[in-house]
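Sequence lines, in order, name chains R and S.
Residue numbers for the first sequence follow our numbering, so the first one is 1 and each next one is one higher.
Residue numbers for the second sequence follow our numbering, so the first one is 1 and each next one is one higher.
I should point out that these hints are in silico values taken from the structure, not numbers from a laboratory.
In this text, a Cβ means the ideal position worked out from N, Cα and C, and glycines have one as well.
Incorrect hints may appear among the rest.
Heads up, simulated DSS-like pairs for lysine-lysine below, C-alpha to C-alpha not over 27 Å straight-line [stated by the list, open to error]:
1. Lys-139(R) - Lys-68(R)
2. Lys-139(R) - Lys-115(R)
3. Lys-123(R) - Lys-11(S)
4. Lys-33(S) - Lys-115(R)
5. Lys-28(S) - Lys-11(S)
6. Lys-33(S) - Lys-75(R)
7. Lys-33(S) - Lys-73(R)
8. Lys-115(R) - Lys-67(S)
9. Lys-11(S) - Lys-108(S)
10. Lys-33(S) - Lys-11(S)
11. Lys-108(S) - Lys-43(R)
12. Lys-123(R) - Lys-67(S)
Quick partial rundown of chain S residues pointing at chain R, CB under 7 Å, derived from the structure [stated by the list, open to error]:
13. Arg-86
14. Ser-87
15. Leu-118
16. Val-119
17. Leu-125
18. Val-127
19. Phe-130
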Amino acid sequence: MESTKTLLKDMTGIDIVKMSVPTEQVGEVDSMGVCTTITFAGKCKGRFMIDMPPELALAMVSNMSGEKMDSIKYKLFLAGIAEMNNIIAGDANTVLNNQYALGLRLAPPIVFTGKNMIVATAKMDAVFIEASTELGPIKINIAFEGGIEV
Amino acid sequence: MNAKYVNPFLKAVEHVLGQFGIVDITKKSLQTKEDMSIESDVTAFVGVVGDIRGNVAYAFSEETAKKLASAMMMGMPVEALNDMTRSALAELSNMFTGNAAAIFESEKCHLDITPPSLVVGEEVLFVLSFFQTLTVSIDTAIGTIDIHIGLEV
Numbered sequence: 001m002e003s004t005k006t007l008l009k010d011m012t013g014i015d016i017v018k019m020s021v022p023t024e025q026v027g028e029v030d031s032m033g034v035c036t037t038i039t040f041a042g043k044c045k046g047r048f049m050i051d052m053p054p055e056l057a058l059a060m061v062s063n064m065s066g067e068k069m070d071s072i073k074y075k076l077f078l079a080g081i082a083e084m085n086n087i088i089a090g091d092a093n094t095v096l097n098n099q100y101a102l103g104l105r106l107a108p109p110i111v112f113t114g115k116n117m118i119v120a121t122a123k124m125d126a127v128f129i130e131a132s133t134e135l136g137p138i139k140i141n142i143a144f145e146g147g148i149e150v
Numbered sequence: 001m002n003a004k005y006v007n008p009f010l011k012a013v014e015h016v017l018g019q020f021g022i023v024d025i026t027k028k029s030l031q032t033k034e035d036m037s038i039e040s041d042v043t044a045f046v047g048v049v050g051d052i053r054g055n056v057a058y059a060f061s062e063e064t065a066k067k068l069a070s071a072m073m074m075g076m077p078v079e080a081l082n083d084m085t086r087s088a089l090a091e092l093s094n095m096f097t098g099n100a101a102a103i104f105e106s107e108k109c110h111l112d113i114t115p116p117s118l119v120v121g122e123e124v125l126f127v128l129s130f131f132q133t134l135t136v137s138i139d140t141a142i143g144t145i146d147i148h149i150g151l152e153v
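Sequences and hints are given; from them, build the entire structure.
What follows is the structure in structure tokens.
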């Protein structure tokens, strides 16, 4: 969570002004429109997912790239969202590996956009954190499969 | 992309589908893309890490997804995709990729797979990798399955 908050501010200039306590997520995730996920494997397996509405995502990538983004289908926009998640998950991954020696390796980031999207994941316990920015909400979902062997 | 990285995924899909009684499988087309973008009703994906790294996605129409879920549940009719059938299809992508990992292992290529996910929605655009991707479409008795393989090799 620290990685998300700090790096989002550094990369996009957008502040997380409010953050909920981590809450258990049971079942599927309803996406707000733009979703990026990175899965990982090592001593444990899991997923790190960031979900947000298109307006916030477009503003974030516009701030990152210095180029006005107006379409969520634009390749540079999708690449920007993927890279943002890659940096955040990479930073969190380094912290987890250094502190707990989990040996986690990240798969490449995935981005998907659309309407009324549902993300289903088999057999994983997840927590989600709902955060607010001045431009809209952002949801962070972290899931681990089968607990952590440390 | 070298065929040695693609064939294990095709063999695995054929093997797993065969376990559910889907045996009439033919390769329909093969396409390379600069990146892995997918526009499909239902897409399941799994990451791979280890000696090779990337994402593999299995995309199908809603009709094919229902028939696949039905085949997994011993022929029970599936009228609509619900949370149980979506979870089953995510698990199917796990089986496909897990079987492929076992084939790679037998060829001294170690890889680990990450948890599967499945996405359904309207006007969904997926980007699973920003490096060259190979898409193999296979025809089966229950419809077409597109296998998208995006590996950093």
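Does the structure keep Lys-28(S) and Lys-11(S) at a Cα separation of 27 Å or less?
holds (15 Å)
With a cut-off of 27 Å on the C-alpha distance, tell me whether Lys-11(S) and Lys-108(S) pass.
holds (17 Å)
Does the nearest C-beta of chain R fall within a distance shorter than 7 Å of the C-beta of Phe-130(S)?
Hint on Phe-130(S): holds, closest Cβ of chain R at ~6 Å, below 7 Å.
Hint check: Lys-123(R) vs Lys-11(S), CA-CA at most 27 Å. Holds or violated?
holds (25 Å)
Please check whether Arg-86(S) passes as an interface residue: C-beta within 7 Å of a C-beta belonging to chain R.
holds (4 Å)
Given the hinted pair Lys-33(S) and Lys-73(R), is their alpha-carbon gap at most 27 Å?
holds (17 Å)
When the nearest CB of chain R is found for Leu-125(S), is that gap smaller than 7 Å?
Constraint on Leu-125(S) satisfied, holds at 5 Å.
Agreement of Lys-33(S) and Lys-115(R) with the hint, judged by alpha carbon distance not exceeding 27 Å
Distance ~25 Å between Lys-33(S) and Lys-115(R) Cα, so the pair holds.
A closest beta-carbon separation below 7 Å is what the hint needs, so does Leu-118(S) meet it against chain R?
For Leu-118(S), the interface hint holds, since the closest Cβ of chain R sits about 4 Å away, which is under 7 Å.
Between the alpha carbons of Lys-123(R) and Lys-67(S), is the straight-line distance 27 Å or under?
holds (22 Å)
Are Ser-87(S) and chain R close enough, Cβ to Cβ, to be under 7 Å, as the hint says?
With a minimum Cβ separation of about 5 Å from chain R (threshold 7 Å), the hint on Ser-87(S) holds.
Does the interface hint hold: is Val-119(S) within less than 7 Å of chain R, judged Cβ to Cβ?
Hint on Val-119(S): holds, closest Cβ of chain R at ~5 Å, below 7 Å.
In summary, this structure violates none of the numbered hints.
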